[in-house]
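Peer 1: Residues per chain, in single letters:
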Amino acid sequence: MSICAFNRVLVAIVPLALMLLLSLSAEIAQGQVDTFEFDTPEQQQRFRRLSDEFRCPMCQNTSLSGSTGGVAEDLRREVHRMIVEGLTDAEIEQFMFERYGDFIFYKPRLTRETLLLWFGPLLFLGLGGFVVVRIWRNAQNNAPEIGELDDAEQRRLERLAAETTRLKDRS
Amino acid sequence: MLPELGHFSLILALCLCALLGTLPLLGAARGNTQFMGLARPLVAGVFVFIGLAYALLTYSFAVDDFSVTYVQQHSNSLLPLRYKLTAVWGGHEGSFLLWTFMLAGWMLTVALFSRTMPLAFVARVLGVLGLLSVGYLMFMLATSNPFDRLVPLPAADGVDLNSALQDFGFIVHPPTLYMGYVGFSVVFAFAMAALLSGRLDAAWARWCRPWANVAWAILTIGIALGSWWAYYELGWGGWWAWDPVENPPLITWLFGTALIHSLAVTEKRGIFKSWTVMLAILAFAGSLLGTFITRSGLLTSVHAFATDPERGIFILGILVLSIGGALLLFALRAPLLRGRFSFGLLSREMLLLVNNLILVVSAASVFLGTLFPMVYQAITDDLISIGPPYFNAIFVPLMALLVLALGVGPLSRWKKTSGNFLSRQLALAALASLILGVILPLLVTGAMSVGASITAALALWIVFSGLKDARNKMANKKSIAAGLRSLPMSYYGMQLAHLGVAVLLTGAALTTLYSQEKSVLLGVGESIDLGSYEFEFQGAKPITGPNFRGMEATIAVRRDGESLRDLYPERRVYLASGTPSTEMAIDAGFWRDLFVTLGEERGDGAWSMTIYVKPFVRWVWLGTLLMCFGGLLAAADKRYRRVRESRAEAAVTEPSAARSVDGIAGVRV
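Chains as they are written, first to last, in the working numbering: chain A, 1 to 171; chain B, 172 to 840.
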């Protein structure tokens with residue numbers, strides 16, 4: 001990355017970081033404790049999963065479940081209310097998205113911009129696989145031909161090597 | 172006066188580093204032994220002066236010298252002495268001083284334990300490290316001098332050390348992590364020295380391997396300590412959060428893991444040289460990236476230091492110069508790196524390549540996820556978050572693949588293995604781990620679980636294939652005892668580290684799958700059931716510490732009506748800063764942790780609290796401990812310590828010697 005592009009990124013980020021810091025710098029991650037009641041264990045599980053997947057919008061970097069901040073507490077209450085009222089995950093996600101945008105999701109949605117993010121690892125795997133094959137091929141081409149050992153020879157060689165080690169250890 | 176002496180020591184160290192970064196390198200290039208011989212004494216000097224600076228800063232903390240800005244910002248007269256002494260690394264400037272001090276320590280170690288290597292090589296290694304130190308020291312003196320005074324008048328008292336840092340974890344985690352991080356600078360220097368000298372052979376790999384193993388082992392434990400600390404300090408029951416500051420150590424570790432495996436191939440077979448050197452560069456880049464991310468304020472995170480763009484640019488400069496220079500050298504020396512041996516599609520070489528492929532792809536994916544938000548914002552002007560759900564979705568399948576390959580690797584042979592042979596060897600292990608994997612969760616919990624079955628099967632796969640391999644290795648010995656004695660230390664290291672992977676994997680998966688938690692409001696005398704445990708709240712009382720006040724609750728834990736023990740979670744307010752904090756109470760056990768976080772009082776003496784039962788969570792750190800010991804054992808193998816005669820030297824560089832047939836451990840030459 002060039003210094004110029006780096007500057008652009010900084011220009012974009014510094015005010016934002018400052019804003020976040022100034023607004024609620026005290027919201028560090030410290031075990032949250034609240035006492036919601038659920039009708040079923042499934043609801044509780046959904047609550048747990050959703051509050052892990054939503055980011056606390058005012059914290060430095062924690063999920064709703066990891067923050068003690070007031071905003072996170074309010075949002076947890078909202079999520080709890082929606083679950084108990086019987087909204088689906090998709091509806092709850094939509095509600096959060098309308099309020100906070102993509103920033104709220106710890107698991108980014110698949111869009112045109114996040115294609116690289118979601119398929120990047122596959123791409124790396126493909127590229128890496130290509131490199132591996134090339135290394136293998138190059139090794140084939142550069143290598144002087146040495147006779148291969150078959151399994152029986154290999155075992156014999158192994159026995160000899162073990163023998164040698166033993167003799168050495170003894171001496 | 173003393174802080175100025177510290178400042179002056181740093182300047183002297185910089186001057187010595189400038190000499191170290193030029194004269195020995197020049198000497199090595201020209202064959203001038205006198206210049207080369209300067210490397211070791213210069214390193215001793217650098218160590219002394221950086222050490223002096225470090226000691227003086229610590230002293231300023233110890234005597235509450237609040238005229239020093241850094242001390243004033245990170246200490247307080249009420250702070251307990253153990254935190255005063257360690258608050259040195261509680262902020263950006265001091266922690267960077269620790270970083271350079273660690274590097275000086277590694278340099279000194281190289282200078283002392285390099286008698287078996289040629290002088291020219293040592294001169295180059297130390298020279299490269301000297302150049303790096305020049306960069307670090309200039310950065311420190313120009314942008315982050317820890318000895319700056321508070322003008323015009325010293326403050327009456329200090330701001331205090333961040334209350335979240337006042338903990339045992341803070342004493343042990345940063346130094347260990349840095350020591351591991353910086354260790355990869357040494358491996359990087361080895362790679363650069365090899366490129367510079369044009370000597371990149373099996374002997375080089377053997378010099379390099381113990382250093383890489385030790386750096387890797389220390390980094391492993393450094394990361395594990397951080398995870399353990401986060402677990403008991405942050406109080407959300409998690410042990411890994413995929414935070415942008417946690418990720419660079421992991422990236423470095425993944426590259427480092429690939430590197431120690433690739434080095435094995437380079438030593439045994441004289442191939443993968445360019446790949447090994449590239450991994451050494453990447454692991455080092457990972458460590459610099461970590462510094463960059465924490466210190467530039469580029470990414471928001473729970474534990475980033477204060478944001479300062481100027482510092483970011485400076486570190487970026489060091490990063491670009493060192494990595495750019497390394498890559499340039501790499502490109503110039505490419506012909507040197509060509510291997511001479513072929514290997515089959517099914518061979519140990521290939522399996523190690525697959526290992527490297529998966530590890531590097533994992534590292535690259537973590538890198539992508541860590542930096543993507545920044546790029547995304549630069550392009551779309553919009554914010555995006557990438558957190559645990561994303562990373563888990565990518566990382567977990569990759570690790571499962573890696574574990575599958577891990578079982579096959581040690582049993583396969585160099586050059587060529589027949590598929591028949593491998594399947595004969597591994598059929599039983601595969602079958603046993605599959606069947607047990609399905610049955611075990613059912614037996615223990617009474618319910619089927621796909622996740623737990625996969626976990627158990629993978630972990631058992633590592634264990635069974637490892638046992639089979641050990642049995643093969645001892646097949647020709649008279650007794651098991653004789654067999655065990657005949658195996659080299661590095662073989663034990665490998666087995667132990669692989670067992671560590673199995674343990675870590677089990678812990679990570681099972682604690683995620685089976686943890687239970689409940690948030691409740693309990694009045695005095697009320698109790699609640701979770702899992703097979705009963706927790707009774709017996710009341711809360713005020714407590715006073717040296718620099719905090721708070722409340723301590725008493726929770727009695729019972730199982731089947733039988734009293735187990737009492738837990739005492741706390742809620743503290745630190746006097747100097749006024750920040751509240753919670754102290755978890757944990758009953759740690761081999762099979763499960765019980766964990767209570769205290770919330771707040773809600774009238775009538777009733778308190779809100781969250782209670783967790785976390786099965787197998789200790790296995791996460793137990794596994795990393797095993798891996799760390801494995802790495803150290805491998806580095807302690809006696810073949811690395813033997814003084815090499817020229818005859819043996821020649822032998823290892825010869826193709827025939829590289830055709831050993833045994834494990835990564837290898838027959839001793």
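Check each hint, because a few of them may be wrong.
Simulated restraints on C-beta separations [unchecked claim]:
1) B:R595 x A:R137: 42 to 50 Å
2) A:R48 x B:A807: 39 to 47 Å
3) A:R48 x B:T616: 44 to 52 Å
4) A:L122 x B:I550: 16 to 24 Å
5) A:Q94 x B:A807: 57 to 65 Å
6) A:R109 x B:A327: 50 to 58 Å
7) A:R112 x B:A759: 46 to 54 Å
8) A:L122 x B:L173: 40 to 48 Å
9) B:L735 x A:A90: 38 to 46 Å
10) B:F339 x A:Q140: 50 to 58 Å
Straight line, CA to CA, 25 Å or less: simulated SDA-like cross-link-like pairs of lysine to any residue [claimed, not checked]:
11) B:K689 x A:R81
12) A:K168 x B:A653
13) B:K586 x A:V131
14) B:K648 x A:V131
15) B:K639 x B:L593
Calculated from the structure, these hints are not laboratory results.
Quantities reported herein were computed from a predicted structural model and do not represent experimental measurements.
By construction, the Cβ of each residue, glycine as well, lies at the ideal position given by its N, Cα and C atoms.
Peer 1: Now tell me if each hint is right for this structure.
Peer 2: Here is how each hint holds up against the structure:
Taking 42 to 50 Å as the suggested C-beta distance range, the pair R595 of chain B and R137 of chain A does not conform, at roughly 29 Å. For the pair R48 of chain A and A807 of chain B, the supplied restraint of 39 to 47 Å holds, since their beta-carbon distance comes to about 45 Å. Between R48 of chain A and T616 of chain B the Cβ separation comes to about 19 Å, which falls outside the hinted range of 44 to 52 Å. Between L122 of chain A and I550 of chain B, the C-beta spacing of about 21 Å keeps the proposed range 16 to 24 Å intact.
Our hint of 57 to 65 Å for Q94 of chain A and A807 of chain B holds, since their Cβ atoms are close to 58 Å apart. Separation of R109 of chain A from A327 of chain B is about 53 Å and conforms to the stated range, judged on CB atoms against 50 to 58 Å. Between R112 of chain A and A759 of chain B the CB atoms are about 47 Å apart, so this pair conforms to the stated range of 46 to 54 Å. Distance hint check: the CB atoms of L122 of chain A and L173 of chain B are about 57 Å apart, inconsistent with the given range 40 to 48 Å.
Restraint check, L735 of chain B to A90 of chain A: a C-beta distance of roughly 43 Å satisfies the suggested window 38 to 46 Å. The given range of 50 to 58 Å is respected by F339 of chain B and Q140 of chain A, whose C-beta atoms sit roughly 55 Å from each other. In summary, the hint linking K689 of chain B to R81 of chain A is supported, as the alpha carbons are separated by about 18 Å, within the 25 Å threshold. For the hint linking K168 of chain A to A653 of chain B, the alpha-carbon distance of about 14 Å falls within 25 Å, and the restraint holds.
Our distance criterion of 25 Å between C-alpha atoms is met by K586 of chain B and V131 of chain A, whose separation comes to about 19 Å. Distance hint between K648 of chain B and V131 of chain A is unfulfilled; the C-alpha atoms sit about 41 Å from each other, more than 25 Å. With a C-alpha separation of about 11 Å, the suggested pair K639 of chain B and L593 of chain B falls inside the 25 Å cut-off, and the hint holds.
Going down the numbered hints, you'll see the structure goes against 1, 3, 8, 14, while the others check out.
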